[in-house]
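Asks: Here is what each chain is made of, one letter per residue.
Number of protein chains: 2
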Amino acid sequence: MAQMYDRVALIGLGLIASSMFWAMKRGGLAGEVVGFARSAETRETAREIGLCDQVYDTLSEAVEGADLVVLCVPVGVMGAIASEMAGVLKSGATVTDVGSVKADVIAQVGPHLPKGVHFIPAHPLAGTEHSGPKSGFAELFDNRWCLLVPAEGTDPKATAKLRTLWESMGANVEEMDAEHHDLVVAVTSHAPHLIAYTMVGVADDLRRVTDSEVIKYSAGGFRDFTRIAASDPTMWRDVFLSNKDATLEILGRFTEELFALQRAIRQGDGDHLHAYFTRTRAIRRGIIEAGQDTDAPNFGRAVGKK
Amino acid sequence: MAQMYDRVALIGLGLIASSMFWAMKRGGLAGEVVGFARSAETRETAREIGLCDQVYDTLSEAVEGADLVVLCVPVGVMGAIASEMAGVLKSGATVTDVGSVKADVIAQVGPHLPKGVHFIPAHPLAGTEHSGPKSGFAELFDNRWCLLVPAEGTDPKATAKLRTLWESMGANVEEMDAEHHDLVVAVTSHAPHLIAYTMVGVADDLRRVTDSEVIKYSAGGFRDFTRIAASDPTMWRDVFLSNKDATLEILGRFTEELFALQRAIRQGDGDHLHAYFTRTRAIRRGIIEAGQDTDAPNFGRAVGKK
Numbered sequence: 001m002a003q004m005y006d007r008v009a010l011i012g013l014g015l016i017a018s019s020m021f022w023a024m025k026r027g028g029l030a031g032e033v034v035g036f037a038r039s040a041e042t043r044e045t046a047r048e049i050g051l052c053d054q055v056y057d058t059l060s061e062a063v064e065g066a067d068l069v070v071l072c073v074p075v076g077v078m079g080a081i082a083s084e085m086a087g088v089l090k091s092g093a094t095v096t097d098v099g100s101v102k103a104d105v106i107a108q109v110g111p112h113l114p115k116g117v118h119f120i121p122a123h124p125l126a127g128t129e130h131s132g133p134k135s136g137f138a139e140l141f142d143n144r145w146c147l148l149v150p151a152e153g154t155d156p157k158a159t160a161k162l163r164t165l166w167e168s169m170g171a172n173v174e175e176m177d178a179e180h181h182d183l184v185v186a187v188t189s190h191a192p193h194l195i196a197y198t199m200v201g202v203a204d205d206l207r208r209v210t211d212s213e214v215i216k217y218s219a220g221g222f223r224d225f226t227r228i229a230a231s232d233p234t235m236w237r238d239v240f241l242s243n244k245d246a247t248l249e250i251l252g253r254f255t256e257e258l259f260a261l262q263r264a265i266r267q268g269d270g271d272h273l274h275a276y277f278t279r280t281r282a283i284r285r286g287i288i289e290a291g292q293d294t295d296a297p298n299f300g301r302a303v304g305k306k
Numbered sequence: 001m002a003q004m005y006d007r008v009a010l011i012g013l014g015l016i017a018s019s020m021f022w023a024m025k026r027g028g029l030a031g032e033v034v035g036f037a038r039s040a041e042t043r044e045t046a047r048e049i050g051l052c053d054q055v056y057d058t059l060s061e062a063v064e065g066a067d068l069v070v071l072c073v074p075v076g077v078m079g080a081i082a083s084e085m086a087g088v089l090k091s092g093a094t095v096t097d098v099g100s101v102k103a104d105v106i107a108q109v110g111p112h113l114p115k116g117v118h119f120i121p122a123h124p125l126a127g128t129e130h131s132g133p134k135s136g137f138a139e140l141f142d143n144r145w146c147l148l149v150p151a152e153g154t155d156p157k158a159t160a161k162l163r164t165l166w167e168s169m170g171a172n173v174e175e176m177d178a179e180h181h182d183l184v185v186a187v188t189s190h191a192p193h194l195i196a197y198t199m200v201g202v203a204d205d206l207r208r209v210t211d212s213e214v215i216k217y218s219a220g221g222f223r224d225f226t227r228i229a230a231s232d233p234t235m236w237r238d239v240f241l242s243n244k245d246a247t248l249e250i251l252g253r254f255t256e257e258l259f260a261l262q263r264a265i266r267q268g269d270g271d272h273l274h275a276y277f278t279r280t281r282a283i284r285r286g287i288i289e290a291g292q293d294t295d296a297p298n299f300g301r302a303v304g305k306k
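Chain order of the listed sequences is A and B. According to this note's numbering, the first sequence is numbered sequentially starting from 1. According to this note's numbering, the second sequence is numbered sequentially starting from 1.
Bound conformation, chain A alone (with noise of 0.2 Å):
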């Protein structure tokens, strides 16, 4: 794959934006990549494990010059970061993010960005629990999904443009509007996320039963639970307070679902249980066919690990 752009800049240096850094030197997908993070920590973690051709410490010199700027930050503070760089924009750049959310992003972003300037949201579904700097690595986006959601009267070749920058990161890539997108991950992934939380703080708050006694006996469903739990909580809070119409809306079908349950359990209604565990059955063996998932028992985990 030849090199597509001549400068991009990661602004935000955390778990997506490292693993963009290694899987587009893995593919050799740009000319320099350069770096720019808030946090003067983060900067200097890059410098030493060589994250980025160069981490600048400001966000202008990052920018500057670039063909493509890719805004990494918590979906909270996106439109603070469009305001404060755009005045350095290069024209004919090309502006993306990577947030969860895409109406509230655009809405942000979008009236800071001088004519002239592409703008393509893009939202990779693919991630781990780890954050920070170090947690990035060049395979995370294979075989995962990326979803544009461009303007209408985008520039196709810059939308096109950036497709390839995804599929050669090893991604597969849709596009849509910023709507269904923000419907598809409040079910996908903010609603599970939003109920992995509440379990696992319902379980820490318990008199009759210990933390201790949680954390010895997770193996049995809980532990599944704390991992998606123990994502970074500022990334987190801005999903839920920048998706709530969608993210309410699914609680909503979950809580008349679990009431039905419940209901199920209290009057003895087994064939009603019965007919509900085996239908759910059917969704994982899709998502395995789909290769989004291992077949291998409980996801392939190290077995009896002391």
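Since copy identity is lost for identical chains, a pair holds within one copy or between any two.
Okay, derived cross-link-like pairs now, DMTMM-like style, lysine to aspartate or glutamate, Cα gap no bigger than 20 Å in a straight line:
1) Lys134 to Asp295
2) Lys244 to Glu256
3) Lys244 to Asp269
4) Lys134 to Asp53
5) Lys244 to Asp271
Quick caveat, the hints were computed from the structure, so don't treat them as lab data. Fair warning: this is a prediction, and the values are worked out from it, not measured in the lab.
Using the hints, position chain B against chain A.
Replies: Positioned in the frame of chain A, the structure of chain B alone reads:
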């Protein structure tokens, strides 16, 4: 480890029984391990793969002469099995089980057992989302916990022997009473399973997001839920029906917390969300430090599998 029991009978030949067989063979822990399953197909499969030294077509033949009888059937049929086998139990034998619920199993099974037989209910906190005779493996119990729930007045020697068997199969063992057991597993296993089933059911049932989208875009968190929502429907139906009170109590607490978080989202209370999401990280760290889960990102799943 020397042989501990001359003859062990496994009643029901699914994931747990088959894992016990392979773990006992690995350790040379029993003279012979025989089995029985209600389904002719299961017995056939067991014979084909060498699961059990002898597979019998009737319950009586399997139980006859056994020093240890292990009930590995769904919780809902434990009572019927106990009643059917009571007449052939050897005097001095130990009867145990591996059911996920203890008070209900004790109530079902206890009254059928003759004097001179030791009844020591047990529950290994280990499993995978796979079921059936082919799903077992010797390492399933390594560094997992097995909870013993002996009734008052149980012969301490019989309990000590069963404890040593479980430890020799790789498990850590703890004793507790049935009521506390049922609450602990309601938190660490039963409520998480019901919540996962619910979330997967909701995603499967939305009009505005297709199943195909849910499957493709599942790597953002949802796929974690589908694993436990793929567990055996009959087993789980029986678990919820027989641990009704504790499960409903925990689900009540869960709903309360979920409503509080939903309100924080609706009101834009970012501080509440951030504090909550920070607290839940500590539990994850505890689980990893206790060797009950892996620290590898995404559970160490193979990445980028097509």
